[in-house]
Amino acid sequence: GAFIATTVIGYLVVVLAVTLAVVPLVWDVSRKLIWSLRHFVTWTLIAPFIITQIQSQIFRRCLFGKNFIMHRPLASIYMFWQTWLSFLSGLMTSIIRLGMALAGVVVSLPQLMAPCTPAFMNQVVCLDSTYKQYIACVVVYHLHNQPVASVAAQRLLALLQERKRRMK
24 GAFIATTVIG YLVVVLAVTL AVVPLVWDVS RKLIWSLRHF VTWTLIAPFI ITQIQSQIFR
84 RCLFGKNFIM HRPLASIYMF WQTWLSFLSG LMTSIIRLGM ALAGVVVSLP QLMAPCTPAF
144 MNQVVCLDST YKQYIACVVV YHLHNQPVAS VAAQRLLALL QERKRRMK
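Per the numbering used here, the very first residue in the sequence shown carries number 24; after that it's consecutive.
By construction, these hints were calculated from the structure, which means they are not laboratory data.
Be aware that one or more of the hints could be misleading.
[Stated by the list, open to error] Label-pair distances were calculated between CB atoms; the ranges are: (1) MET123 to SER53: 21 to 27 Å; (2) ASN168 to ALA126: 32 to 38 Å; (3) ALA126 to LEU43: 16 to 22 Å; (4) ARG83 to LEU43: 32 to 38 Å; (5) GLN156 to VAL31: 19 to 25 Å; (6) ASN168 to MET123: 39 to 45 Å.
Don't be surprised by glycine CBs; every beta carbon is placed ideally from N, CA and C.
Throw the hints in and build the complete structure from the sequences for me.
Below, the structure written as structure tokens:
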């Protein structure tokens, strides 16, 4: 199950990457859309990156020497600020990872052809509850709709009715 999921996701990522790379070159509508959003992309993605790099270089040159700190109070404020920003970006990264993990779980839930747990574990106990429920439904359906069992059950019910009629 995991190998199949990894292969499918890898295939989808390759297809998505190639599509995103080729479509703007081939399709005029996407090229015009990207060109119309150039100011948005510049001011929301590129400009903050450049400003952050310049700001970081300026602060490092003004606050730190080669092997000493020039302005200790300002350096501590700068380090706290960088730590705080790292904490916030790490928090957002973890939230995004949680969302991606939940999306992966939701996508893999309807896997019914085999349990998604490892095969060696399935020999001991089947841990995939959705697969167990699916198999239980299949077994119940086939048991109740099996022709021989169905005819036998109808015949037994008829015999029961006949016995009840005779007992009266």
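- Among the hints numbered above, which are violated by the structure, and what are their numbers in rising order? Checked against the structure, no hint fails, so every one of them is satisfied.
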